[in-house]
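Q: Please take these sequences and the hints and turn them into a complete structure.
Order-wise, the sequence lines are chains A and B.
Using our numbering, the first residue of the first sequence is number 26, and each one after it goes up by one.
Using our numbering, the first residue of the second sequence is number 338, and each one after it goes up by one.
Everything labelled a hint here was simulated from the structure, so no lab data went into it.
Among the hints, erroneous ones may be present.
To be verified - Below, computed lysine-lysine pairings styled on DSS-like, alpha-carbon distance capped at 27 Å:
no.: 1; chain 1: A; residue 1: Lys169; chain 2: B; residue 2: Lys627
no.: 2; chain 1: B; residue 1: Lys477; chain 2: B; residue 2: Lys508
no.: 3; chain 1: B; residue 1: Lys617; chain 2: A; residue 2: Lys169
no.: 4; chain 1: B; residue 1: Lys391; chain 2: B; residue 2: Lys427
no.: 5; chain 1: B; residue 1: Lys535; chain 2: B; residue 2: Lys391
no.: 6; chain 1: A; residue 1: Lys147; chain 2: A; residue 2: Lys56
no.: 7; chain 1: B; residue 1: Lys617; chain 2: A; residue 2: Lys56
no.: 8; chain 1: B; residue 1: Lys688; chain 2: B; residue 2: Lys627
no.: 9; chain 1: A; residue 1: Lys84; chain 2: A; residue 2: Lys165
no.: 10; chain 1: B; residue 1: Lys617; chain 2: A; residue 2: Lys165
no.: 11; chain 1: A; residue 1: Lys187; chain 2: A; residue 2: Lys293
no.: 12; chain 1: B; residue 1: Lys407; chain 2: B; residue 2: Lys354
no.: 13; chain 1: B; residue 1: Lys688; chain 2: B; residue 2: Lys354
no.: 14; chain 1: A; residue 1: Lys165; chain 2: B; residue 2: Lys627
no.: 15; chain 1: B; residue 1: Lys354; chain 2: B; residue 2: Lys481
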Amino acid sequence: MAKKNNSLWTILQTLVETPGPSGSEHVIREKIKAEIQGHADEIYTDALGNLIARKGVLKEGGKRIMISAHIDEIGLMVTHVDDNGFARFMPIGGINPMTCLGGRVLFMNGTQGVIGMERLEKDEHPTLMKYFIDTGATSKEDSKIGVGDVCGFERPFLDLGKRLVAKSMDDRVAATIAMEALKEVKPGANELYFVFSVQEEVGLRGAITAAYGVDPELGLAVDVTRTGDTPLGVKMEVALGNGPAIKVRDSSFIADPRVVNWMVAEAKAQKLPYQMEVLEAGGTDGAAMQRTRAGVPAGCLSIPCRYIHSPSEMVDRDDVENSVKLLVGLLGKPVSLG
Amino acid sequence: MAKTEVSTKFNPRLGKKELDLLTRLCNAVSVSGDEQEVRAIVLEELRDFADFTKVDAMGNVLVRREGTGKDRVRVMIAAHMDEVGFMIVKDEGDGVFEFRVIGGVDPRQLVGKPVIIGRDHVPGVIGAKAIHLTTPEERKQVLKVDQLRIDVGPGGDSKVKVGDRATFATKLAVLGPSIRSKALDDRLGVFNLIQLVKQAPENVDLLAAFTVQEELGLRGAKTAAYGFDPEIGIAMDSTPANDLPHYDGLPNTSHNTRLGDGPAIYIMDRGTIGDQRLIKWLTESAEAEKIPWQFRQPGMGGTDAGEIHKTRAGVPSVSVSVPQRYLHSAAGLIRIEDELNTLKLIHTALKRLDRSILNRQEKSNGKEK
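A: Here it is, written out as structure tokens:
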């Protein structure tokens with residue numbers, strides 16, 4: 026049944042404004058499933074909650090390819106609510122304490138709150154233990170949240186023209202790109218498994234089990250990467266707007282050089298801008314796919330992103346569009362890794 | 338009340354027979370990598386109750402107890418047989434041995450403690466210079482493990498060799514409503530799993546994994562889960578109770594668990610985000626049977642569930658622990674009621690288990706064309 030496609034940017038806005046910290050991906054999963062319905066030959070959710078969409082059937086000369094974009098985001102989990110209704114929390118994934126103060130949060134049950142902090146001594150650097158969430162409750166009894174409740178940061182999507190900002194570009198921008206590629210690609214002889222993976226931020230856990238289940242011959246993660254293009258920032262070659270980044274390595278894995286070459290060749294063939302990525306700190310689902318079963322050639326298509334793991338992650342509009350083109354091109358023809 | 342309802346009640350108690358088993362389990366020396374002593378007890382206890390028993394390549398005891406019901410869910414329950422302790426690394430003669438710590442033991446706990454070594458339980462002591470001879474400066478330092486020695490005395494050393502494991506020598510004692518022992522982590526789990534195999538509900542296939550090397554990184558559970566290929570995973574373990582008032586009067590917001598408040602159900606730890614469907618199943622089971630329970634505060638630490646849930650194509654998993662004060666020390670302390678309620682909770686939950694709990698509460702689910 027033909028249905029009207031939402032534009033890439035509308036989908037991106039919907040996804041980044043949906044809360045879904047690791048382990049609580051049920052809402053975001055439903056939204057993605059509804060959006061890709063009708064575009065895949067088979068859609069299912071696995072034991073850990075990965076949403077998996079297959080398109081195409083393996084034919085002579087093709088490969089079974091797993092594309093993994095994670096749908097979880099960093100967040101917070103309540104560990105204690107005191108008599109006055111203030112909630113202590115622990116991080117889900119890598120939370121920088123410096124990004125917390127004054128932040129607003131949205132719980133999976135709809136409750137909203139703000140993050141406050143204890144008094145600091147002079148020159149003291151706050152740890153997460155110093156912070157608490159204030160949901161406006163006046164006592165433990167009238168608090169709408171309790172131990173184990175989960176929240177994500179709350180920020181509206183911001184369209185700055187060429188640049189776009191949101192709280193969970195990591196990795197909803199990649200999920201959006203994967204969804205777009207799923208819709209556009211003609212798999213030919215390839216059998217494509219688009220995995221919208223869970224629990225990446227706590228250790229690539231969803232991709233580990235999804236990769237085992239899919240048993241791919243080639244694995245390609247789609248994720249964000251850091252940039253070195255901000256004032257006195259980290260030293261890194263990647264810059265916003267210079268095109269999709271082709272990962273050579275990060276701290277979780279070394280991309281298979283044949284996969285890297287395959288990606289570079291496609292970018293050149295399409296005359297797309299691209300940049301090589303060496304990320305000193307950070308990991309992706311590529312590492313999980315590479316080490317599944319007896320081993321899988323794996324790589325990663327990265328979207329340059331500033332201010333990763335802050336509530337205001339920034340990507341470039343052209344990078345996003347070019348990433349879709351690169352991914353569709355890669356997946357739509359026979360793959361020879363040479 | 339219907340008669341059948343009463344007769345199906347599972348009311349575990351700690352009678353003489355059970356206490357004897359728990360005592361033998363807790364007093365055994367079964368440090369990670371050499372779990373033979375506990376393994377022998379488990380195999381002996383379950384000889385007549387298992388449909389299938391195997392000691393796998395890592396040393397895990399895998400016991401399958403098949404039910405009789407239709408469409409039985411394959412539930413793996415793991416309890417680890419190993420404990421933290423020590424390994425002898427050098428014989429310095431005269432009954433004096435250098436040693437290393439296996440697993441997480443606070444070095445501040447070591448000095449002056451009696452220990453037992455190897456399968457013969459050779460008695461010894463972790464010695465240090467007497468206070469008379471120390472300087473005020475020395476007394477501010479925590480002695481490092483490589484500065485300490487285990488002393489068994491001349492004569493005792495003939496049965497001790499490099500590579501032997503050792504533990505604190507504490508014998509299990511019942512202190513009124515409490516039990517004190519060195520190895521309640523995780524012999525309570527082992528004890529409970531033995532009881533569950535013996536009285537397994539008929540509606541499930543119970544895959545009991547008595548695992549090795551948990552304290553070194555869940556190593557046994559990884560291969561055990563691969564071997565069993567279960568549909569649901571449960572780790573039964575013990576977790577710290579830091580429930581005493583703060584000495585400085587500040588509010589205690591990080592008690593982790595509290596003694597006497599019942600089995601501790603995990604939501605999240607370092608290795609696992611508990612499956613929300615299974616957490617709901619456990620809490621609802623506890624409520625239905627009026628079994629006290631508590632959430633363990635989300636935090637660090639980990640259980641065998643950390644490996645089980647990542648096995649093969651994924652296994653929804655959850656952990657339940659008995660709260661314990663002074664974990665990983667010479668003498669941990671638990672409440673007997675917490676232990677029995679933990680056993681009761683798991684048994685009750687298993688009896689209520691059917692496959693539908695794995696349905697996701699979403700608009701659509703499963704395979705679609």
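Q: Against each hint, give a clear statement of whether it holds in the structure.
A: Structure-based check of all given hints:
Restraint check for Lys169(A) and Lys627(B): satisfied, since their Cα atoms lie roughly 24 Å apart, inside the 27 Å limit. Restraint check for Lys477(B) and Lys508(B): not satisfied, since their Cα atoms lie roughly 31 Å apart, outside the 27 Å limit. With a C-alpha separation of about 18 Å, the suggested pair Lys617(B) and Lys169(A) falls inside the 27 Å cut-off, and the hint holds. Our distance criterion of 27 Å between C-alpha atoms is broken by Lys391(B) and Lys427(B), whose separation comes to about 34 Å.
Of the supplied pair hints, the one linking Lys535(B) and Lys391(B) holds, its CA atoms being roughly 17 Å apart against a limit of 27 Å. For the given pair, Lys147(A) sits about 46 Å from Lys56(A) by alpha-carbon distance, which is inconsistent with the 27 Å threshold. For the given pair, Lys617(B) sits about 24 Å from Lys56(A) by alpha-carbon distance, which is consistent with the 27 Å threshold. Distance hint between Lys688(B) and Lys627(B) is fulfilled; the C-alpha atoms sit about 15 Å from each other, no more than 27 Å.
For the given pair, Lys84(A) sits about 60 Å from Lys165(A) by alpha-carbon distance, which is inconsistent with the 27 Å threshold. Using a Cα cut-off of 27 Å, the hinted pair Lys617(B) and Lys165(A) holds, with the two alpha carbons roughly 22 Å apart. Between Lys187(A) and Lys293(A) the alpha-carbon distance is near 23 Å, which keeps this suggested pair within the 27 Å criterion. The straight-line distance between the Cα atoms of Lys407(B) and Lys354(B) is roughly 34 Å, outside the 27 Å bound, and the hint therefore fails.
In summary, the hint linking Lys688(B) to Lys354(B) is supported, as the alpha carbons are separated by about 25 Å, within the 27 Å threshold. Note on Lys165(A) and Lys627(B): the hinted pairing holds, with a Cα-Cα distance of about 23 Å set against a maximum of 27 Å. A distance of roughly 41 Å separates the Cα atoms of Lys354(B) and Lys481(B); the hinted pair therefore is violated under the 27 Å criterion.
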